[in-house]
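Once you've looked at the hints, dock chain Z against the given chain F.
In the order they appear, the protein sequences are chains F and Z. Under the working numbering, the letters of the first sequence match residues 1 to 327, in that order. Under the working numbering, the letters of the second sequence match residues 1 to 80, in that order.
Check each hint, because a few of them may be wrong.
[As the list claims (entries may be wrong)] Derived DSS-like pairs: lysine-lysine, alpha-carbon spacing no greater than 30 Å straight-line: (1) F:Lys270 with F:Lys256; (2) F:Lys257 with F:Lys94; (3) F:Lys97 with F:Lys40; (4) Z:Lys49 with F:Lys257; (5) F:Lys97 with F:Lys256; (6) F:Lys270 with F:Lys257; (7) F:Lys270 with F:Lys209; (8) F:Lys256 with Z:Lys49; (9) F:Lys129 with Z:Lys49.
FYI, nobody ran anything at the bench for these hints, they're computed from the structure.
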Amino acid sequence: MNLWLALVIILVSGLLTYLLTRFLIKVLRRRGWLVEDAHKPNRPLIPRPAGPALIISILIGEAILYYFTYDVRVAALSSALLIAGLIGLVDDAKRLKGYYKPLLLIFASLPILLLGAYVPQPIFPIYGKSVRLFVIYPLLVLAALPVTANTINAIDVFNGVVSSFVLIATIPLLVAFTLQGDWIMLIAALPLLTSTAVFYFFFHRYPSKIFPGDSGTLALGALYGALAICGRAEVVGVVALLPAILNSFFFLSSVKKIVEHREVKERPAKILEDFRLAASPSREAPITLTRMILAKGPLSEVEVARAITILATIAAALAIITAFLTW
Amino acid sequence: MLRRLLPLVAILLVAWLLVLSGTVIIFGYIAQFNPAEGAISPFGAAVLKVVLGALLAILWILILYLLSIWYVRRSIKPTS
Chain F
1 MNLWLALVII LVSGLLTYLL TRFLIKVLRR RGWLVEDAHK PNRPLIPRPA
51 GPALIISILI GEAILYYFTY DVRVAALSSA LLIAGLIGLV DDAKRLKGYY
101 KPLLLIFASL PILLLGAYVP QPIFPIYGKS VRLFVIYPLL VLAALPVTAN
151 TINAIDVFNG VVSSFVLIAT IPLLVAFTLQ GDWIMLIAAL PLLTSTAVFY
201 FFFHRYPSKI FPGDSGTLAL GALYGALAIC GRAEVVGVVA LLPAILNSFF
251 FLSSVKKIVE HREVKERPAK ILEDFRLAAS PSREAPITLT RMILAKGPLS
301 EVEVARAITI LATIAAALAI ITAFLTW
Chain Z
1 MLRRLLPLVA ILLVAWLLVL SGTVIIFGYI AQFNPAEGAI SPFGAAVLKV
51 VLGALLAILW ILILYLLSIW YVRRSIKPTS
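Just chain F, with the same shape it has in the complex (with noise of 0.2 Å):
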């Protein structure tokens, strides 16, 4: 039966994801809902955005999945996917200030905590045990949701990076729920996997056919966070965003305040003549990820991608030990 539900919820997501993907793109272009993809020559307009394919996607996943187990977490993931998906539209259609996003995104963790599908006693590796946290656990689960959603935002930065990124983000997530045994929140994680994973990678890999835009890319970064949650997995999930927490950390520290990255006036990297990315030289520009990447020498974007990649990577490694340390 859940081997069954598993594979009818990873075909319904992933087909849906890739039929709805393909109609956007036509319908975006006659709209001219197109931004420029800047990394390239003669700069091609790209159709923006592609969340509403991955948040009606994922949604239906998870409706199958809860129209079988009636579990209030599973609702309470869809919640938060569909605040945070509806919030990144509107940031989509009219651009919201820095701060804007942050707090409107604590909406987004409100499902969990109205519907109470949290357990206030997380289990810390090496600790082992569970620790009950009443009166925090429930301040932290409000922060969590804005945090994971703008960190995946804000390593939207290249061709592909943000659907790889959380592709193997989530497979820490599945280890820590199969060393559970919590089923449920495994099949739950699934809609995620696959609509990111190969469906949607399919058209975001380099070149990219279409952008998620902030709609999908919060989307995806809340269910992140709320899987992590509603999973009992919070340290897992952390370790495994960490090249995006990193990133994210080191460009709120060197700027100072909750800025857009389109607001800042140094970019973080230049583009060159031969269209290859070099890191900025001067003090102003903040630090990001990117940044310290380039700071050797200049790449292309693939290749830029490619080592976003392989930190995150080596963060779901770390993560899955992480799960082997707690449970």
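Only chain Z this time, still in chain F's reference frame:
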């Protein structure tokens, strides 16, 4: 490529160790700390836990910040 990424992998490893040690120390020991009766008031104990937790978090942030600054300044020659 791997050679270029080695310093970043080292930063990632430091961050991982800080996450592991930080969460275990803050939530496993500081948050669970119960002083002997009469040694300190419950309010004083709560304040002490918050201060210790915050100090550890600040130390965590400071280590990563200094690492990132050190790496960028060492690798990129500034123009201004």
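Quick rundown of the hints versus the structure:
1. F:Lys270 with F:Lys256: Satisfied, since the Cα-Cα distance of roughly 21 Å is no more than 30 Å.
2. F:Lys257 with F:Lys94: Satisfied, since the Cα-Cα distance of roughly 21 Å is no more than 30 Å.
3. F:Lys97 with F:Lys40: Satisfied, since the Cα-Cα distance of roughly 27 Å is no more than 30 Å.
4. Z:Lys49 with F:Lys257: holds (28 Å)
5. F:Lys97 with F:Lys256: holds (16 Å)
6. F:Lys270 with F:Lys257: holds (22 Å)
7. F:Lys270 with F:Lys209: holds (23 Å)
8. F:Lys256 with Z:Lys49: The given pair, whose Cα atoms are some 27 Å apart, holds under the 30 Å limit.
9. F:Lys129 with Z:Lys49: Given pair F:Lys129, Z:Lys49 holds - Cα atoms ~19 Å apart, limit 30 Å.
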